[in-house]
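These protein sequences, in sequence, are chains A and B.
Its first residue numbered 0, the first sequence is counted upward by one per residue in numbering that gives the first Met the number 0.
Its first residue numbered 0, the second sequence is counted upward by one per residue in numbering that gives the first Met the number 0.
Derived by calculation from the structure, the hints in this document are not laboratory data.
Just so it is clear, the structure is predicted and the values come from calculations on it, not from any experiment.
Be a bit skeptical, because a hint or two may be false.
Unchecked claim - Restraint ranges, calculated between C-beta atoms of paired labels, are given here: (1) B:ASN61 with A:ASP67: 26 to 34 Å; (2) B:THR124 with A:THR124: 32 to 40 Å; (3) B:GLU75 with A:LYS51: 39 to 47 Å.
What the hints assert, rightly or not - Here are the simulated SDA-like cross-link-like pairs (lysine to any residue), alpha carbons at most 25 Å apart as the crow flies: (4) B:LYS148 with A:THR48; (5) B:LYS148 with A:ALA52; (6) A:LYS51 with B:LEU150; (7) A:LYS51 with B:PHE17; (8) B:LYS44 with B:ARG116; (9) B:LYS148 with A:GLU47; (10) A:LYS715 with A:ASP439; (11) A:LYS619 with A:SER599; (12) B:LYS148 with A:PRO128; (13) A:LYS51 with B:GLU24; (14) B:LYS148 with A:ARG77; (15) B:LYS139 with A:ASN56.
As the list claims (entries may be wrong) - Sample of chain A residues lacking proximity to chain B, with all beta carbon distances greater than 10 Å (derived): (16) PRO208; (17) ASN221; (18) PRO340; (19) ALA405; (20) GLU424; (21) PHE559; (22) LYS746.
Backbone N, C-alpha and C fix where the C-beta goes; we use that ideal spot for every residue, glycine too.
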Amino acid sequence: MSAHERPIRHMLITVILLTCGAVMVITSAAFFAYEFVSFRQLTARNLETLGKAIAANSTAALAFENADDAREVLSAVRAQPHIIAARLYLSDGRLIASYPDGDAGKAPSQAVLDDGYRFTAELLTGVQPVVQGRRRMGTLYLESDLGEVYEHLKLMSLTGAMVMLFCCVAAYLISVRLQRSISGPILALASTAKTVSEHRDYSVRASRPEGQEFGLLTDAFNHMLTRIEGDQTKLRSQLARLDLLHRITRATGERVDLPSVFRVVVRCLEQDLPIDFACMCGYESGAEALSIAVIGAQSAPLATELALSEQSKVPIDQNGLARCVAGELVYEPDTRVIPFPFPERFAKAGLYSLVVAPLLVENRVFGVLVSARRAADAFNSADCEFLRHLSEHIALASHQAQLYGALQRAYEDLRQSQQAVMQQERLRALGQMASGIAHDINNAISPVALYTESLLEREPDLSERARGYLVTIQRAIEDVAETVSRMREFYRPREPELVLSTVACNKMVEQVVSLTRARWSDLPQQRGIVIQLRTELSPDLPEIMGSEVEIRDALTNLVFNAVDAMPEGGTLTLRTKFVTAGSHAALDAARYVHVEVQDSGIGMDEETRRRCLEPFYTTKGERGTGLGLAMVYGMVQRHSAELEIDSARGAGTTVRLIFSVTEAVAAPSGGVPRLHGPVQRLRILLVDDDPLLIKSLRDILEQDGHVVTAADGGQKGIDTFTAALASRNPFSLVITDLGMPYVDGRKVAASIKTASPNTPVILLTGWGKRLLAENDVPAHVDRVLSKPPRLIEVREALGELTAGPDSQATLAESA
Amino acid sequence: MAAAAPVSEYQLKAVFLFNFAQFVEWPASAFPQTSAPFVIGVLGKDPFGADLDDVVRGEAVNGHPLAVQRYQNVGEVRDCQILFIPAAEFGHVGELLARLKGRSVLTVTDADEGPQRGVMIGLITQDRQIRLRIDVEAAKVASLTISSKLLRPAEIVGTARS
Numbered sequence: 000m001s002a003h004e005r006p007i008r009h010m011l012i013t014v015i016l017l018t019c020g021a022v023m024v025i026t027s028a029a030f031f032a033y034e035f036v037s038f039r040q041l042t043a044r045n046l047e048t049l050g051k052a053i054a055a056n057s058t059a060a061l062a063f064e065n066a067d068d069a070r071e072v073l074s075a076v077r078a079q080p081h082i083i084a085a086r087l088y089l090s091d092g093r094l095i096a097s098y099p100d101g102d103a104g105k106a107p108s109q110a111v112l113d114d115g116y117r118f119t120a121e122l123l124t125g126v127q128p129v130v131q132g133r134r135r136m137g138t139l140y141l142e143s144d145l146g147e148v149y150e151h152l153k154l155m156s157l158t159g160a161m162v163m164l165f166c167c168v169a170a171y172l173i174s175v176r177l178q179r180s181i182s183g184p185i186l187a188l189a190s191t192a193k194t195v196s197e198h199r200d201y202s203v204r205a206s207r208p209e210g211q212e213f214g215l216l217t218d219a220f221n222h223m224l225t226r227i228e229g230d231q232t233k234l235r236s237q238l239a240r241l242d243l244l245h246r247i248t249r250a251t252g253e254r255v256d257l258p259s260v261f262r263v264v265v266r267c268l269e270q271d272l273p274i275d276f277a278c279m280c281g282y283e284s285g286a287e288a289l290s291i292a293v294i295g296a297q298s299a300p301l302a303t304e305l306a307l308s309e310q311s312k313v314p315i316d317q318n319g320l321a322r323c324v325a326g327e328l329v330y331e332p333d334t335r336v337i338p339f340p341f342p343e344r345f346a347k348a349g350l351y352s353l354v355v356a357p358l359l360v361e362n363r364v365f366g367v368l369v370s371a372r373r374a375a376d377a378f379n380s381a382d383c384e385f386l387r388h389l390s391e392h393i394a395l396a397s398h399q400a401q402l403y404g405a406l407q408r409a410y411e412d413l414r415q416s417q418q419a420v421m422q423q424e425r426l427r428a429l430g431q432m433a434s435g436i437a438h439d440i441n442n443a444i445s446p447v448a449l450y451t452e453s454l455l456e457r458e459p460d461l462s463e464r465a466r467g468y469l470v471t472i473q474r475a476i477e478d479v480a481e482t483v484s485r486m487r488e489f490y491r492p493r494e495p496e497l498v499l500s501t502v503a504c505n506k507m508v509e510q511v512v513s514l515t516r517a518r519w520s521d522l523p524q525q526r527g528i529v530i531q532l533r534t535e536l537s538p539d540l541p542e543i544m545g546s547e548v549e550i551r552d553a554l555t556n557l558v559f560n561a562v563d564a565m566p567e568g569g570t571l572t573l574r575t576k577f578v579t580a581g582s583h584a585a586l587d588a589a590r591y592v593h594v595e596v597q598d599s600g601i602g603m604d605e606e607t608r609r610r611c612l613e614p615f616y617t618t619k620g621e622r623g624t625g626l627g628l629a630m631v632y633g634m635v636q637r638h639s640a641e642l643e644i645d646s647a648r649g650a651g652t653t654v655r656l657i658f659s660v661t662e663a664v665a666a667p668s669g670g671v672p673r674l675h676g677p678v679q680r681l682r683i684l685l686v687d688d689d690p691l692l693i694k695s696l697r698d699i700l701e702q703d704g705h706v707v708t709a710a711d712g713g714q715k716g717i718d719t720f721t722a723a724l725a726s727r728n729p730f731s732l733v734i735t736d737l738g739m740p741y742v743d744g745r746k747v748a749a750s751i752k753t754a755s756p757n758t759p760v761i762l763l764t765g766w767g768k769r770l771l772a773e774n775d776v777p778a779h780v781d782r783v784l785s786k787p788p789r790l791i792e793v794r795e796a797l798g799e800l801t802a803g804p805d806s807q808a809t810l811a812e813s814a
Numbered sequence: 000m001a002a003a004a005p006v007s008e009y010q011l012k013a014v015f016l017f018n019f020a021q022f023v024e025w026p027a028s029a030f031p032q033t034s035a036p037f038v039i040g041v042l043g044k045d046p047f048g049a050d051l052d053d054v055v056r057g058e059a060v061n062g063h064p065l066a067v068q069r070y071q072n073v074g075e076v077r078d079c080q081i082l083f084i085p086a087a088e089f090g091h092v093g094e095l096l097a098r099l100k101g102r103s104v105l106t107v108t109d110a111d112e113g114p115q116r117g118v119m120i121g122l123i124t125q126d127r128q129i130r131l132r133i134d135v136e137a138a139k140v141a142s143l144t145i146s147s148k149l150l151r152p153a154e155i156v157g158t159a160r161s
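In isolation and in its complexed conformation, chain A is listed as follows (with noise of 0.2 Å):
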């Protein structure tokens, strides 16, 4: 017996035996107490019996007060051992005998005693009147001790025990026996269901014993169990089923591309649902067929027996399919009873049952899951259920791997357009900063123009070697005006200002080769490097249209940027080609001048490809400024041509730009000044905060027979002006700066024309170029010169403003 199957047996014993034990004390205590009760009355009842038979025996006795009768009479209790004393007494209260012989002494008087029988402490008396007829002729007195009832009692007491003992032991044998038909089924039970509980089995059964409640709970706890059991394999396939789809969501979830996810959820149904067949069939909204997508591997011996193939198509037929492209999931557990051409297929193919389950966005079907199986009927609700799910996780998911690549598009047009905007903002910004740069070089470089002009101009005397050098410095000194002019610009497409004219482009590189053959020959050298140059020119190139200044800049620029991508010496190549894209015969047929150049260096990787275009991006560290190919792509844009870059790490760098040709305008080919003869002698009043470039333009000025005053600085200028005015000898033009501390170049310009309408007033600026190109000329200035002034500007502007009174109003207009 084990431990806790003590219990049930013991307290049903003792239940059974402490019923027992209290029935029975219950009915000996009443049965004593009636015996008890009883018993008195008996013993009282037999006491008054025989005094009423000595009574009627001892009348005569008494009526004759016959002595000797009476005695005898009384002697008769001697029979009754109990009966402790009889006495008589005569009418008249007198003893006349007594039991036993010689109790006469103590007899009580009978006065005290009433007739009756009454029990005493420890006695029973009687006193029985003695009547004959009505008469009364005496009394008898009856004495009697307990001791009767008391071994009465006795006698019961121990009969009773005797009873009780033995009704013990029976109820405990017949209780042992009779507990075992009860406690037997329950432990039996508890025994199963600690074995369910213990080895989570549901599938033992408790056997059923005798007896009808016993049977049901039995019949109860099996059926139970049964029902558990059930629970538990359906609870376990739900789990099945639910890990299946989680893993199938997942397997969905990673993947991007619907044929893919299609793939994936086949395979997944195929292998661990599992079907016997399963597609994937896409559907266009309206469409009257549907194209398979995607065959499970396992289904295709299938599918070929079903004459289907990926891509293939299958109409939608009034069945089964037309339900399910109306989103319905449809369910046909016999194909064979289905009188539709694609229930009749998979039924000539073996397979028997089939579920079409369609796919779901936004209330849109885009396509179908077809599953079947080869059994009829085999699909069972949760089957069907969770084919249902399935298919609106993958709908889901196929409409993610849609979003997514939206998605994608949309972060790229995003990220392009950012980097553009980037590209405007930086560009605008160095722009800004080019154009105070500008100022200051202009300064700067003004004497240099202004000296190198005077010197081709007056010395005739030089030597070819030094006018060589001067024409190259001036041409130099002209470029650097040119670019600086464009370095706030060079991010703007294409300005009013940019003046366009024919380039040939083969001269041009030819220019550049030696303009830059210190870069590429000489320095290498020194350092025992050797580059080659080759130039291979188209030699049929027809003329482009664009500015020769900038363009040559931006080759020079390309040819710096190869030399230094072969820090070990190379090949570095300049190429020009004629392109004609499409028909040749055709008018409009477009062509293209390619200027090229080619290194064989270290090459770009695509980080630096992507970036080398922004403004301030350089790999060079401290010895680039991240302004050449942005000042390149500059020149690009203005020019509306195209700039392409071929270059992979260690493959070398082709910068590849390609002007659109068109027909060429004739353009006034500049450069041929009209030489002006001295001009009259002018009293000129010189305004700058710049000592080199008064003097030298003083120096240049008076060369030409004019008077200068110069003045440095606003306020000293119109200082000057005005004293020269109130001296009756004015000047008869003002030149001034435009940019000065305190006071600027409008308020003298102001200053003068306040004093002095007529007197012309130059205004010379560093900013020259923007403030003619947007059109903000100051009032009061008749004429707007940039730095550096040539000299045969000046010499114009002096001769027009000074021609005639009549002209100076107007010429502001003009301007």
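Using the hints provided, position chain B relative to the given structure of chain A.
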């Protein structure tokens, strides 16, 4: 038991006469009417004095009030239920019994010498105690039923013996 109280002999005998009425049954024919008194007769000279009257005064037997009548001679004896024959009159007993023949009269005498000669109850004085001697047959002849209780303390005699 000693008669300790100062009770005279005839006082006791008067009580005895009265007590006989308790232990003897008379036939209904013994009374002329149902309401007739129960008469205790005393023949000859009355030895009781007033004692007998004291004893029966106010008493009744079976609805018959008790009365005492005294007869000077046998010829006077009329309807009575108990007739006491004092020892002094015992000489007339033959004549008396003949006269009472066929009538239910309980005859009592205290003559304790010799046989009773047909008197039903004799009161015999022995050791200063009065004993009863009863002739059951004589009573039976007179249709009287004597209670067996009365017979217990009595000495039974028969007519044949006398």
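Hints, one by one, checked against the model:
At about 30 Å, the beta-carbon gap between ASN61 of chain B and ASP67 of chain A stays in the expected band of 26 to 34 Å. About 38 Å separates the C-beta atoms of THR124 of chain B and THR124 of chain A, a value consistent with the hinted range of 32 to 40 Å. Remark: the range hint 39 to 47 Å for GLU75 of chain B to LYS51 of chain A is upheld by a beta-carbon distance near 44 Å. A distance of roughly 18 Å separates the Cα atoms of LYS148 of chain B and THR48 of chain A; the hinted pair therefore holds under the 25 Å criterion.
Taking the CA atoms of LYS148 of chain B and ALA52 of chain A, the gap is about 12 Å. The hint holds against a cut of 25 Å. Simply put, LYS51 of chain A and LEU150 of chain B have alpha-carbon atoms about 19 Å apart, close enough for the 25 Å limit, and the pair holds. Distance restraint check for LYS51 of chain A and PHE17 of chain B: the Cα-Cα separation of roughly 24 Å lies within the 25 Å cut-off, and the hinted pair is therefore satisfied. Under the criterion of a C-alpha separation no larger than 25 Å, the hint pairing LYS44 of chain B with ARG116 of chain B is consistent with the structure, at around 21 Å.
Between LYS148 of chain B and GLU47 of chain A the alpha-carbon distance is near 20 Å, which keeps this suggested pair within the 25 Å criterion. Only pairs whose Cα atoms come within 25 Å are accepted, and LYS715 of chain A paired with ASP439 of chain A is accepted, the gap being roughly 22 Å. Under the criterion of a C-alpha separation no larger than 25 Å, the hint pairing LYS619 of chain A with SER599 of chain A is consistent with the structure, at around 17 Å. With a C-alpha separation of about 16 Å, the suggested pair LYS148 of chain B and PRO128 of chain A falls inside the 25 Å cut-off, and the hint holds.
The suggested pairing of LYS51 of chain A with GLU24 of chain B holds, with an alpha-carbon distance near 22 Å, which does not exceed 25 Å. Restraint check for LYS148 of chain B and ARG77 of chain A: satisfied, since their Cα atoms lie roughly 21 Å apart, inside the 25 Å limit. About 22 Å separates the Cα atoms of LYS139 of chain B and ASN56 of chain A, which keeps this hinted pair within 25 Å; it holds. No beta-carbon of chain B is positioned within 10 Å of the beta-carbon of PRO208 of chain A; the least distance is around 80 Å.
Every beta carbon of chain B lies more than 10 Å from that of ASN221 of chain A, the smallest distance being close to 90 Å; the non-interface claim holds. Under the 10 Å C-beta cut-off, the non-interface status given to PRO340 of chain A relative to chain B holds; the minimum distance is some 136 Å. Consistency note on ALA405 of chain A: stated as away from chain B, and its beta-carbon is indeed over 10 Å from all of that chain's, at 144 Å minimum. Non-interface status of GLU424 of chain A relative to chain B is upheld: no Cβ of that chain comes within 10 Å, the nearest being about 161 Å off.
The Cβ of PHE559 of chain A lies farther than 10 Å from every Cβ of chain B, with a closest approach of about 179 Å, so its non-interface assignment holds. Even its closest Cβ contact with chain B, about 182 Å, leaves LYS746 of chain A beyond 10 Å, as expected for a residue assigned away from the interface.
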